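Now for the letters of each chain:
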Amino acid sequence: MVFALAAAACGAPPTLTPTAPLPTLTLPAPTAAPTLAPATPTAHAITPGPTPTEVSLFAPVTEADWQAGPAEALVTIIEYGDFQ
Amino acid sequence: MLAQLHQEYPDDVRIVYRHFPLVDIHDKAQLAAEASEAAGAQGKFWKMHDLLFEQQAAWVNLPIADFRKLLDDYAAQLQLDAAQFAADLDGGKFTPKIQSAYQTATGIGLPGTPFLLFNGVPYQGPVDHWAFAALVKLEKLKSRQFSAPPPEVIDPFKKYVATLHTARGEVQIELFAERTPLTVNNFVFLAREGWFDNITFHQMLPGLVALTGDPSGTGFGGPGYFIPDEIVPEFKFDAAGWVGMANAGRDTNGSQFFITLGPLPDLNGKYTLFGKVVSGLDVVQQITPRDPTANPEAPPGDVITKITIAEK
Numbered sequence: 001m002v003f004a005l006a007a008a009a010c011g012a013p014p015t016l017t018p019t020a021p022l023p024t025l026t027l028p029a030p031t032a033a034p035t036l037a038p039a040t041p042t043a044h045a046i047t048p049g050p051t052p053t054e055v056s057l058f059a060p061v062t063e064a065d066w067q068a069g070p071a072e073a074l075v076t077i078i079e080y081g082d083f084q
Numbered sequence: 001m002l003a004q005l006h007q008e009y010p011d012d013v014r015i016v017y018r019h020f021p022l023v024d025i026h027d028k029a030q031l032a033a034e035a036s037e038a039a040g041a042q043g044k045f046w047k048m049h050d051l052l053f054e055q056q057a058a059w060v061n062l063p064i065a066d067f068r069k070l071l072d073d074y075a076a077q078l079q080l081d082a083a084q085f086a087a088d089l090d091g092g093k094f095t096p097k098i099q100s101a102y103q104t105a106t107g108i109g110l111p112g113t114p115f116l117l118f119n120g121v122p123y124q125g126p127v128d129h130w131a132f133a134a135l136v137k138l139e140k141l142k143s144r145q146f147s148a149p150p151p152e153v154i155d156p157f158k159k160y161v162a163t164l165h166t167a168r169g170e171v172q173i174e175l176f177a178e179r180t181p182l183t184v185n186n187f188v189f190l191a192r193e194g195w196f197d198n199i200t201f202h203q204m205l206p207g208l209v210a211l212t213g214d215p216s217g218t219g220f221g222g223p224g225y226f227i228p229d230e231i232v233p234e235f236k237f238d239a240a241g242w243v244g245m246a247n248a249g250r251d252t253n254g255s256q257f258f259i260t261l262g263p264l265p266d267l268n269g270k271y272t273l274f275g276k277v278v279s280g281l282d283v284v285q286q287i288t289p290r291d292p293t294a295n296p297e298a299p300p301g302d303v304i305t306k307i308t309i310a311e312k
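Residue numbers (my numbering), protein chains in the order written: chain A, 1 to 84; chain B, 1 to 312.
If you are wondering where the hints come from, they were derived from the structure by calculation, not from laboratory data.
As the structure is a prediction and not an experimental result, all values here were calculated from the model.
Don't take every hint at face value.
[Said to hold, decoys possible] Residues from chain A that face chain B, not an exhaustive set, calculated with beta carbons under 8 Å: (1) Val61; (2) Asp65; (3) Ala68; (4) Gly69; (5) Leu74; (6) Thr76; (7) Ile78; (8) Glu79; (9) Tyr80; (10) Gly81; (11) Asp82.
[Said to hold, decoys possible] FRET-style restraints, in silico, Cβ to Cβ: (12) B:Val60 / A:Asp65: 22 to 28 Å; (13) A:Glu72 / B:Glu178: 47 to 53 Å; (14) A:Pro60 / B:Asp128: 26 to 32 Å; (15) B:Pro111 / A:Pro70: 26 to 32 Å; (16) A:Asp65 / B:Ala57: 23 to 29 Å; (17) B:Asp251 / A:Asp65: 39 to 45 Å.
Glycine included, every Cβ here is placed at the ideal spot set by N, Cα and C.
Okay, chain B solo, but in the shape it has when bound (with noise of 0.2 Å):
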């Protein structure tokens, strides 16, 4: 699994290993470490390590014996000089290594394996491609963050009109900002430094709700600020086609916006609604559902190429 996320994020992605053998309950855990060890005197401890972690569910029930006859097959697949393997394996060139490492981890106090630390922070979520895929798309997203929410940029006494570019065509979106001044401004900023320029919508629940706004497309990323609900009592999503700001809690506002597909009473009250489709809604309806949370290997959602800001 951190195999392929460091082949997909060559650049991005540091890969580091190092030795927990639960000896206590794992009878071949240190002679594996070991091989593995044995492996990279040759250069090849990640082809090694590889091999062993999907062979695994062959050798883990061997007697010891049989084990150590079996690695002298692996050793022979990945083409090591098969007499120093047996030498350095047999020879417990290693073993010290391992026992240094292992007690080190015990130490720690590390709970079990395997256990993952995610820029020096213990990582305790779900472990698979995605999550960790997801982590690193938000990590990249970071240099593009802000430190501090925007400046003044509009005027809410004018009238601001976004266009959403898209393949399928153009949505016109009429922003209320004299109502909700803040998160228009906050649009119209993001708009303008291009934040929303090659971004999907992530999620499309179709009858429901269109959801994009995000550069790293995970649906947890944001312009590294919040700004404040901006709730107009009179304002209701009532029906297709309106905007509103996707939040994680009261006054968590970021760059996530959703389009409406239909009345949605659930969201008053919650959602800062400051804007209304007036043209295009029909581009919205045919953008492709899309839903990462129930599948998360969904193909890529619509594009939106740039959000461009009239102001008359």
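One chain only, chain A, in its complex shape (with noise of 0.2 Å):
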């Protein structure tokens, strides 16, 4: 099982989704590196987030909006959601 930053195509916007286990064996391993590594080894470098242009489909946070939590926090997670 592996999280990977999947960026999705038709220029849907990117997902965080967990890839299936690795066939042959159970070792965990180490994810796609998120911060992009400008150096030479790195053999993978994966996308970190949506372009700009996905980005805006949703609207920045703002205080209108229901939040606990610092606004500087390190994660944001953001429901969209449905009571019933």
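Since each chain sits alone in its own frame, please combine them into the complex, following the hints.
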């Protein structure tokens, strides 16, 4: 099981999707480097996030949003939810 | 689930809730959303949010009139101003706001609920606490990651012995600097940088392998760069005590490494073998068994307090 930042096809936003377990081994593998390493031996650099165009689909968090946690939090999770 | 994550990481996690009431298929979605807003107007949005989700089974099949009555009970439970709550709800004070939120969400083309954005990126993995806690731990690890592979810090013609310090004792590993210089250079660099301080053996499969080297403890973390494989054909994982680099495919070595606890011929040629346990194999064999891939709620693993390097 490996978390990968897989860029979806057809301009759809990228997704954070765990892939299938390694077929023959139970050794979990390190994730692809979340920060892009500029230097040489990096074999499989992976896009760290959506492009600016894709981000603009979702409005940035403002004071009008219901939120819990500091604005400068390392992680912001936005849920579009339905109570029913 | 997200509330729990926020409680666990109050400084690092912010939770944002936006309404997407699926009004075409859920007859009470609009009213429920408006009720949360009416509670929010009295400073108790999250209380009502939590209550509605916790009690969902109790109201999901009610006729809407009964649900409306139940909302008054919930308002009382939360010690809201009952008259104000009822007036806001029955006067449709928040109807336009929820309708507008619905329009926005459908305008984006959201496929359904819950729809989650993790730092702006749509999340489509399993929605469970373990997965999100792992993502937060990996996010926290980023500040420690390097932007480039390590500089040359070893002399491949010297001898290097790494000592893993654990509560159960020490494990000494001879590093094969001459045959796998890039890998040993990386390992020595990371050890001296303190990368391995206080990390866990996040996976321990007795008789097979003990795996560590990821400060996030998730099994998905790395130092921020990859180094290539260094496969030496005559080095085989044919016994307990060999030390190899974990990877996610060819040339994706980072900082995770494993110690074999028995012959693992399937690993030959796929994983860089760069060292051998020369003392303390019994310490490795006593490590607490743990397999977070099978049991995400596994108890904490054994900790390596530090890895020191002796150069001769």
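For each hint, the structure was consulted:
For the restraint placing A:Val61 at the interface with chain B, the shortest Cβ-Cβ distance is roughly 5 Å, inside the 8 Å limit, so the hint holds. The closest approach between the C-beta of A:Asp65 and any C-beta of chain B is roughly 5 Å, which is under the 8 Å cut-off, so the hint is satisfied. With a cut of 8 Å, the hint placing A:Ala68 at the interface with chain B holds, because the nearest CB-to-CB distance is about 5 Å. Using the Cβ-Cβ criterion of 8 Å, the hint placing A:Gly69 at the interface with chain B is satisfied: the shortest such distance is roughly 3 Å.
About 4 Å separates the beta-carbon of A:Leu74 from the nearest beta-carbon of chain B, less than 8 Å, and the hint is met. With its C-beta approaching chain B no nearer than about 5 Å, A:Thr76 sits inside the 8 Å limit, and its interface hint holds. This hint holds: A:Ile78 has a C-beta 4 Å from the nearest C-beta of chain B, less than the 8 Å allowed. Among the interface hints, the one on A:Glu79 holds; its C-beta lies about 5 Å from the nearest C-beta in chain B, closer than the 8 Å criterion.
Restraint check, A:Tyr80 versus chain B: the minimum CB separation of about 4 Å is within 8 Å; hint holds. With 8 Å as the threshold, the beta carbon of A:Gly81 comes within range of chain B, its nearest partner Cβ sitting at about 5 Å, so the hint holds. With 8 Å as the threshold, the beta carbon of A:Asp82 comes within range of chain B, its nearest partner Cβ sitting at about 4 Å, so the hint holds. For B:Val60 and A:Asp65, the hinted distance range of 22 to 28 Å is satisfied, since their beta carbons lie about 26 Å from each other.
In this structure the hint that A:Glu72 and B:Glu178 lie 47 to 53 Å apart at CB holds, the actual value being about 48 Å. At roughly 27 Å, the beta carbons of A:Pro60 and B:Asp128 sit within the given window of 26 to 32 Å. For the pair B:Pro111 and A:Pro70, the supplied restraint of 26 to 32 Å holds, since their beta-carbon distance comes to about 30 Å. A:Asp65 and B:Ala57 have their C-beta atoms about 28 Å apart, which keeps the hinted 23 to 29 Å range intact.
For the pair B:Asp251 and A:Asp65, the supplied restraint of 39 to 45 Å holds, since their beta-carbon distance comes to about 42 Å.
The structure meets every hint from the earlier list without exception.
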